[in-house]
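Student: Required output: the full structure, derived from the provided sequences and hints.
2 protein chains.
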Amino acid sequence: MPLVNMPKTQRGQETLDILCAAAERVFYKKGYHNSTIKDITSEANIGLGTFYIYFNDKKSLYVHLLSDYSKFIRKAISKKISHFTDRRDIEREGLVAFLEVVRDNQYIYNIIWESLYIDKKLFVGYYEDFARHYINYIEIAQEEGEMRKLNPETVAYVLMGIANFVGLRYTMFDKRDNFDDIADDVATIYNEGLFFPLK
Amino acid sequence: MPLVNMPKTQRGQETLDILCAAAERVFYKKGYHNSTIKDITSEANIGLGTFYIYFNDKKSLYVHLLSDYSKFIRKAISKKISHFTDRRDIEREGLVAFLEVVRDNQYIYNIIWESLYIDKKLFVGYYEDFARHYINYIEIAQEEGEMRKLNPETVAYVLMGIANFVGLRYTMFDKRDNFDDIADDVATIYNEGLFFPLK
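Which chain is which? The protein sequence lines are V and L, in order.
Sequential numbering of the first sequence, starting at 796, is according to this note's numbering.
Sequential numbering of the second sequence, starting at 796, is according to this note's numbering.
Think of the hints as simulated: they come from the structure by calculation, not from any bench.
Treat the hints with caution; some may be incorrect.
The list treats identical chains as interchangeable, and a pair is accepted whether it falls inside one copy or across any two copies.
Said to hold, decoys possible - With a straight-line cut-off of 25 Å between C-alpha atoms, the simulated BS3-like cross-links for lysine-lysine are: (1) Lys-853 to Lys-970; (2) Lys-916 to Lys-970; (3) Lys-875 to Lys-854; (4) Lys-970 to Lys-944; (5) Lys-866 to Lys-970; (6) Lys-915 to Lys-803; (7) Lys-915 to Lys-970; (8) Lys-875 to Lys-915; (9) Lys-803 to Lys-944.
Tutor: So, in structure tokens, the structure goes:
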């Protein structure tokens, strides 16, 4: 059985959305292990039985959220970069898109990283899946002679690490409205390096 | 009262070390919230009362571990880079030192990141403290004309992000013996950038 029993009607989809949004808030506030299905349905203002129309258990709902975040983040990035053709611009704008998503969805970091404490395979799978998409794009950029020919996987984790940690600082520790100066600095590193060339 | 009541004798220090090593294993295996002081003292093979010679509660022990990791990681990096003078070498070797530490101490990632679910202030404090040391070093490298003059804080989180995510991939998802080729690729990004220069 799939993780989620996808609704066939508009109304069913709305209920599922309400359920997922409630689960985000409950997981964020109480943590996954301390949250019960009853907590989630109460928060959603729906009956306990309705939960089981969509999911078999709490973990299925959690995995569904995780998979949704992955798609949601990649979609936000795709949308933001769709007008650009130069990969330097694409990488810079992709970073801004990621920062905007994690700023505007405060549950994302908490819920994704909690997978390490729920089921390590989920955590590893989340990032390996994200990396796979990135590697594909990096390999094309390398073939087209734009990116240096480094190990595409290492490059993917470098880029993901930068986005995640810059995101921690400027969206979780402090919340920024604007990421332009940060993206400019990161783009300089991508384009020219961190160090001045040796004389 | 300080977090830990530091032992004054060699034997006291040994007991504290055994207690901390047991706590690491218990937190790693059961998670912080599901671990009791009794679990930790049983794992350490010491009496429950002995715990309270050193710590007031479970959280004090956890915070002590977190603070120890921070010092331990920075010390391992300092030791590894002490023979180098060129900052390009220092940054590369510092990355290798970090990767070796997290490879050889499998509890580190889990226990540090779990702070986000124990007390967010601890998580923020851990990285802000680590960043503070890094920023100090980056500012000197910028003044001496080796590093480009970018926002030192952004640079610190870029470097921490790279180390952490490359570390996830090559020490947690898979365990590498040798990090030379990875460090070479990351060093190329630091020294020359990710993209080829525009023609």
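Student: For the identical chains here, do Lys-803 and Lys-944 meet the 25 Å Cα criterion within one copy, between copies, both, or neither?
Tutor: neither (47 Å within a copy, 55 Å between copies)
Student: Is it within a copy, between copies, both, or neither that the alpha carbon of Lys-915 lies no farther than 25 Å from that of Lys-970?
Tutor: between (29 Å within a copy, 15 Å between copies)
Student: Give the relationship of Lys-853 and Lys-970 under a CA distance limit of 25 Å: within one copy only, between copies only, both, or neither.
Tutor: neither (31 Å within a copy, 31 Å between copies)
Student: When no copy is specified for Lys-916 and Lys-970, does a C-alpha distance of 25 Å or less occur within a copy, between copies, both, or neither?
Tutor: between (31 Å within a copy, 15 Å between copies)
Student: Is it within, between, both or neither when you check Lys-866 against Lys-970 at 25 Å Cα-Cα?
Tutor: within (23 Å within a copy, 28 Å between copies)
Student: If the cut is 25 Å between Cα atoms, do Lys-875 and Lys-854 qualify within a copy, between copies, both or neither?
Tutor: neither (32 Å within a copy, 43 Å between copies)
Student: At 25 Å max between alpha carbons, let me know whether Lys-915 reaches Lys-803 within a copy, between copies, both or neither.
Tutor: This pair counts as neither: shortest intra-copy Cα distance 32 Å, inter-copy 40 Å.
Student: For Lys-970 vs Lys-944, is the C-alpha pair at or below 25 Å within one copy, between two copies, both, or neither?
Tutor: Between copies, since 23 Å is at most 25 Å while 35 Å is not.
Student: With identical chains treated as interchangeable, where does the CA-CA distance between Lys-875 and Lys-915 reach 25 Å or less: within a copy, between copies, both, or neither?
Tutor: Answer is neither: 31 Å inside a copy and 31 Å across each miss the 25 Å cutoff.
Of the numbered hints given earlier, the model fails hints 1, 3, 6, 8 and 9; all others are met.
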